[in-house]
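Protein sequence lines correspond, in order, to chains Z and H.
Quick note on numbering: the first sequence equals residues 220 to 495 in our numbering.
Quick note on numbering: the second sequence equals residues 220 to 495 in our numbering.
Among the hints, a few may not be true.
Chain copies aren't distinguished; within one or between two, either way the pair holds.
As the list claims (entries may be wrong) - List of simulated lysine-lysine pairs, DSSO-like, C-alpha gap at most 27 Å:
| id | residue 1 | residue 2 |
| --- | --- | --- |
| 1 | LYS280 | LYS421 |
| 2 | LYS446 | LYS478 |
| 3 | LYS446 | LYS364 |
| 4 | LYS364 | LYS421 |
| 5 | LYS421 | LYS478 |
| 6 | LYS280 | LYS478 |
| 7 | LYS280 | LYS446 |
| 8 | LYS424 | LYS478 |
| 9 | LYS424 | LYS446 |
| 10 | LYS280 | LYS364 |
| 11 | LYS364 | LYS424 |
| 12 | LYS421 | LYS446 |
No lab work stands behind these hints, which were simulated from the structure alone.
There are 2 protein chains.
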Amino acid sequence: MNPTHAELLSQVLARYDHSPNPRLAEISRAAIRHLHAFVDEVRLQHDEWFAGVEFLTATGKICDDVRQEFILLSDTLGVSTLVEFITHDGVEGGTENTVLGPFHVPGSPERANGDSMLENDDAGDRVVIRGCVRNLHGEPLSGVKIDAWQNASTGFYACQQPGVQHTNNLRGVYRTDADGNFAIRTIRPVPYPIPDDGPAGKLLKDNGRNWWRPGHTHLWFTLEGHKQLITHLFDSESDYLTNDAVFGVRESLIRTFTKDASGELATTFDVVLEDA
Amino acid sequence: MNPTHAELLSQVLARYDHSPNPRLAEISRAAIRHLHAFVDEVRLQHDEWFAGVEFLTATGKICDDVRQEFILLSDTLGVSTLVEFITHDGVEGGTENTVLGPFHVPGSPERANGDSMLENDDAGDRVVIRGCVRNLHGEPLSGVKIDAWQNASTGFYACQQPGVQHTNNLRGVYRTDADGNFAIRTIRPVPYPIPDDGPAGKLLKDNGRNWWRPGHTHLWFTLEGHKQLITHLFDSESDYLTNDAVFGVRESLIRTFTKDASGELATTFDVVLEDA
Chain Z
220 MNPTHAELLS
230 QVLARYDHSP
240 NPRLAEISRA
250 AIRHLHAFVD
260 EVRLQHDEWF
270 AGVEFLTATG
280 KICDDVRQEF
290 ILLSDTLGVS
300 TLVEFITHDG
310 VEGGTENTVL
320 GPFHVPGSPE
330 RANGDSMLEN
340 DDAGDRVVIR
350 GCVRNLHGEP
360 LSGVKIDAWQ
370 NASTGFYACQ
380 QPGVQHTNNL
390 RGVYRTDADG
400 NFAIRTIRPV
410 PYPIPDDGPA
420 GKLLKDNGRN
430 WWRPGHTHLW
440 FTLEGHKQLI
450 THLFDSESDY
460 LTNDAVFGVR
470 ESLIRTFTKD
480 ASGELATTFD
490 VVLEDA
Chain H
220 MNPTHAELLS
230 QVLARYDHSP
240 NPRLAEISRA
250 AIRHLHAFVD
260 EVRLQHDEWF
270 AGVEFLTATG
280 KICDDVRQEF
290 ILLSDTLGVS
300 TLVEFITHDG
310 VEGGTENTVL
320 GPFHVPGSPE
330 RANGDSMLEN
340 DDAGDRVVIR
350 GCVRNLHGEP
360 LSGVKIDAWQ
370 NASTGFYACQ
380 QPGVQHTNNL
390 RGVYRTDADG
400 NFAIRTIRPV
410 PYPIPDDGPA
420 GKLLKDNGRN
430 WWRPGHTHLW
440 FTLEGHKQLI
450 THLFDSESDY
460 LTNDAVFGVR
470 ESLIRTFTKD
480 ASGELATTFD
490 VVLEDA
């Protein structure tokens with residue numbers, strides 16, 4: 220960094236010497252150092268800077284109650300996955316987490332174990348996901364809240380198609396029973412493109428990147444006294460397992476659907492929650 | 220960086236190997252590297268990441284035709300000034316540039332040399348800014364477009380107070396005459412707080428930073444065949460020259476207003492435009 224640029228950076232950093240919030244000051248200073256290093260390294264030109272301003276503005280503008288384009292951007296840059304890694308760094312034995320994604324909608328209906336999340340007709344294969352939730356000591360955990368959501372076989376989540384899909388289609392809240400078991404009936408998840416009509420999707424296309432995700436079901440486990448777990452179940456037969464647009468795939472989260480004794484397509488997703 | 224984090228980063232970077240746009244790929248890769256390094260260094264937690272997502276979303280949402288909060292954010296982090304430094308790196312003899320700021324509105328009215336930019340009553344001191352625009356060889360340049368804008372003595376720009384200030388108050392386009400001279404009548408600029416009702420201003424306050432700017436008049440010079448110059452004139456008697464919220468002050472741009480022969484408060488702002 221040339222002396223003028225370094226002098227500017229130290230001037231900016233010095234403004235945080237009396238911040239009343241040490242963690243905010245730490246994050247602000249680090250963000251500023253890395254931002255300046257980035258601008259300096261690529262010798263960012265005025266028109267490129269302004270294109271960046273316009274990109275970020277458009278990303279904010281397209282966000283609404285059911286669309287979070289900054290999360291999508293964070294996902295596609297691998298930042299969300301890095302944050303998940305950091306949040307879980309150093310803990311052994313717990314089920315791996317992965318990205319939240321931009322399509323979680325709070326307030327899904329409570330459903331009984333074994334019930335289906337389908338509220339609409341769907342051409343997809345019917346499947347059942349069964350599992351047991353335990354703690355790190357192998358003890359089953361009852362009353363675990365499991366918030367589940369996934370896309371329809373047309374590729375879209377209910378929140379992307381108001382008026383087309385029922386607002387509660389393919390989402391629901393389940394609870395583990397006294398033995399820690401749960402059962403979710405749904406359709407086999409299919410690959411889908413991330414939204415490509417906004418800045419995050421356009422940036423992938425402009426860079427020649429794949430913007431599809433492999434088929435997956437979102438599962439979010441919470442229980443008082445335990446670390447929450449936000450994760451996916453991936454279908455081992457899906458495309459895009461090796462080039463997921465949002466870097467969400469973990470080997471340990473891939474499952475194969477096979478016919479069970481009753482002839483139903485089924486898979487098992489046992490979970491270990493870490494202590495809080 | 221631990222091996223898992225480094226492996227994730229290289230996976231993300233590899234997605235740009237076949238980008239059809241080399242410069243976009245270069246900028247994307249550098250942004251991703253620095254973003255990951257930042258997140259890793261501060262060990263960004265999930266709730267902090269989400270606070271960042273919400274901050275960026277709010278920053279986009281508050282932008283409109285006359286307010287650009289991402290530019291304001293860039294200004295307050297010193298990024299805008301760094302980009303200006305880079306754009307002008309290595310050129311000697313030209314007038315120094317500084318930040319554009321978030322209040323430039325295109326389409327200011329053409330005004331004759333010597334005319335005032337005032338369209339409203341204003342309690343401020345009347346001043347005149349005179350100067351000559353030359354090229355690097357000392358030759359006067361005629362027909363240079365000078366887009367000028369500043370705040371009223373109440374602290375606000377016209378675009379911040381529709382219905383209160385006339386839309387064209389304290390802004391105008393002047394042209395240098397055959398000898399390269401110009402003359403702008405206005406009021407003495409006063410310090411003002413940057414907008415503190417949005418995310419960028421709030422972030423300064425949360426960090427205990429000054430959010431005022433020293434008094435200045437914006438001047439944007441353009442002439443075919445020459446590099447455009449976006450700059451300010453600063454009043455040497457203003458407060459906040461040493462802790463400008465947006466790091467815009469340059470020693471060479473500070474001027475003193477003194478009474479001229481006719482008793483008018485005046486200063487001289489000669490300019491040298493670089494070849495394109």
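query = Is the C-alpha distance from LYS421 to LYS478 at most 27 Å within one copy, between copies, in both cases, or in neither?
reply = Classified as neither; 40 Å inside a copy, 57 Å across copies.
message = At most 27 Å between alpha carbons: which applies to LYS364 and LYS421, within, between, both or neither?
response = neither (36 Å within a copy, 36 Å between copies)
inquiry  = Reference check for the pair LYS280 and LYS478, CA-CA at most 27 Å: within, between, both, or neither?
reply    = neither (46 Å within a copy, 49 Å between copies)
Homomeric proximity label, LYS421 with LYS446: Cα distance no greater than 27 Å = neither (35 Å within a copy, 32 Å between copies)
key: Intra- versus inter-subunit Cα pairing at 27 Å for LYS280 with LYS364   = neither (33 Å within a copy, 33 Å between copies)
query = Quick one: LYS280 to LYS421, C-alpha cut-off 27 Å, is that within a copy, between copies, both, or neither?
reply = both (15 Å within a copy, 20 Å between copies)
key: Alpha-carbon proximity context of LYS424 and LYS478, limit 27 Å   = neither (38 Å within a copy, 60 Å between copies)
request  = Pop the pair LYS446 and LYS478 into one bin, within, between, both or neither, using alpha-carbon distances up to 27 Å.
outcome  = neither (33 Å within a copy, 71 Å between copies)
task = State whether the alpha carbon distance between LYS424 and LYS446 is at most 27 Å within one copy, between copies, both, or neither.
result = Close neither inside one copy (36 Å) nor across copies (33 Å); limit 27 Å.
task = State whether the alpha carbon distance between LYS364 and LYS424 is at most 27 Å within one copy, between copies, both, or neither.
result = neither (37 Å within a copy, 39 Å between copies)
request  = At 27 Å max between alpha carbons, let me know whether LYS446 reaches LYS364 within a copy, between copies, both or neither.
outcome  = This pair counts as within: shortest intra-copy Cα distance 12 Å, inter-copy 62 Å.
request  = Can you give me the call for LYS280 and LYS446, within, between, both or neither, at a CA distance of at most 27 Å?
outcome  = Neither: 33 Å inside a chain and 33 Å across chains, both beyond 27 Å.
In the structure shown, a violation is registered for the earlier hints numbered 2, 4, 5, 6, 7, 8, 9, 10, 11 and 12, in ascending order.
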